[in-house]
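> As given, the protein sequences belong to chains A and B, one line each in that order.
Residue numbering for the first sequence follows the numbering used here, beginning at 936 and increasing consecutively.
Residue numbering for the second sequence follows the numbering used here, beginning at 936 and increasing consecutively.
Note that these hints are calculated values from the structure, not bench results.
Treat the hints with care, since some could be wrong.
Cβ-to-Cβ under 7 Å is the rule here; a few derived chain B residues that face chain A [stated by the list, open to error]:
hint, residue
1, Glu960
2, Leu993
3, Ala1119
4, Ala1121
5, Cys1122
Small disclaimer: the values here were computed from a predicted structure and weren't measured.
Backbone N, C-alpha and C fix where the C-beta goes; we use that ideal spot for every residue, glycine too.
Number of protein chains: 2
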Amino acid sequence: MIDHPRILALDTSSQVSSVALCQAEMLVAESALNLRSTHSQSLLAQIDALLVAAGWTLGDLDLLAVVVGPGAFTGVRIGVATIKGLAQVLNLPIVSVSSLAAVAMNLPLLSRPVCVLIDARKKEVYTQQFQQQEGFPRPLSQAGVITPQKVLAELPGNVCFVGDGVAVYRDIILGHGFEPQSMAPACSHAIQASKVAALALFDYSRGLTQRAEQVVPTYIRPSDAELNRQNSNNG
Amino acid sequence: MIDHPRILALDTSSQVSSVALCQAEMLVAESALNLRSTHSQSLLAQIDALLVAAGWTLGDLDLLAVVVGPGAFTGVRIGVATIKGLAQVLNLPIVSVSSLAAVAMNLPLLSRPVCVLIDARKKEVYTQQFQQQEGFPRPLSQAGVITPQKVLAELPGNVCFVGDGVAVYRDIILGHGFEPQSMAPACSHAIQASKVAALALFDYSRGLTQRAEQVVPTYIRPSDAELNRQNSNNG
């Protein structure tokens, strides 16, 4: 294990693609782009531009980190494929990071439980509850995909909300009796790759890394393509 | 006032220079560079690269936001001068943002008071206490520059700490009886320009903008150059 590993971290599980270069806990460079286009067109260029800005090359890297979902299928696939490719070429370890835990990093030090809501389209959210503990979110529940109404019906009254699903379902959250002060402000919903790097460093320090072939996306629910195939098989 | 203003926000008050483009509350693009060089060499290039990535031009902007300090003298001067130049050329309003409030944005939803500590060198910190309220930090005290020991002696026991001074003075904070769980994790100390934009949008919505000639840096303490001049005048 390297003392102050140089980390490339990325998240493409939502519409915003975020890439960060960190040396251990120190941020070196970070960029976030909300391009409304497929990440495949821009992700490698974004990584390359960041390396140039930092004066780093791919050969300087010690550790790779990627958000494996849940989130947008295509985005997750592109992020995971890109990191796996880099890991194989550079012979580097990977840490897989949950999008839900990465979003929870945006509400540090809260003593109340944190409920992450990521918009999953189709009137559902990806959701999980966490408790902040020593700088990192510890899961209080399993990750799931469910309607916001079902999530909200089972939450404790003192919970706080964060994630892009909060903006989408704000009125429904209020309708269930939660206060406006329980919802993180709009600028706190997006995943930051530098926080993905922080989660990865924590796992790395405990030896919890993976080889490229071990990294798999976390979709939680089957893709439309799989659902269509299942339906046609059943029909 | 424009409904969904296109905002350019920047912070160069610390070693990390952060630039963001937002349309109202929506992040369009953001970059952060920790270059250990003077911001003057890279800031305009960083702004330009972000505009290109977003597909925007300077002519698309409606509002400018800048962190006016307190912080590194040279960095603050470069950020303020750059924004004032852009405001004059583009005839745009500016919102001045405090570095201390911008850092406090990194601890949303806390019910406990937030104490921001920004390393001011010379064994001092820039500091201010805030209470989070409806998504924004409200000042509980005046901004000041003071030794961390003096700050810590007067704080309530339930306070939380954030800012790059926390990493520098961690042992002193612990020595004053505050828990490790009262300190934000390392990845939460840096100012994000997207949060500067959020603070600016809040002021903009209340008509609190300035013209270029009204924007002045907030140094709190005199620069070394001024101290030297005062000393030589007195000597």
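> Determine for every hint whether it applies to the structure shown.
So, going through the hints one by one against the coordinates:
no., hint, result
1, Glu960, "holds, 4 Å"
2, Leu993, "violated, 19 Å"
3, Ala1119, "holds, 5 Å"
4, Ala1121, "holds, 4 Å"
5, Cys1122, "holds, 4 Å"
Checked against the numbered hints above, the structure breaks only hint 2 and satisfies the rest.
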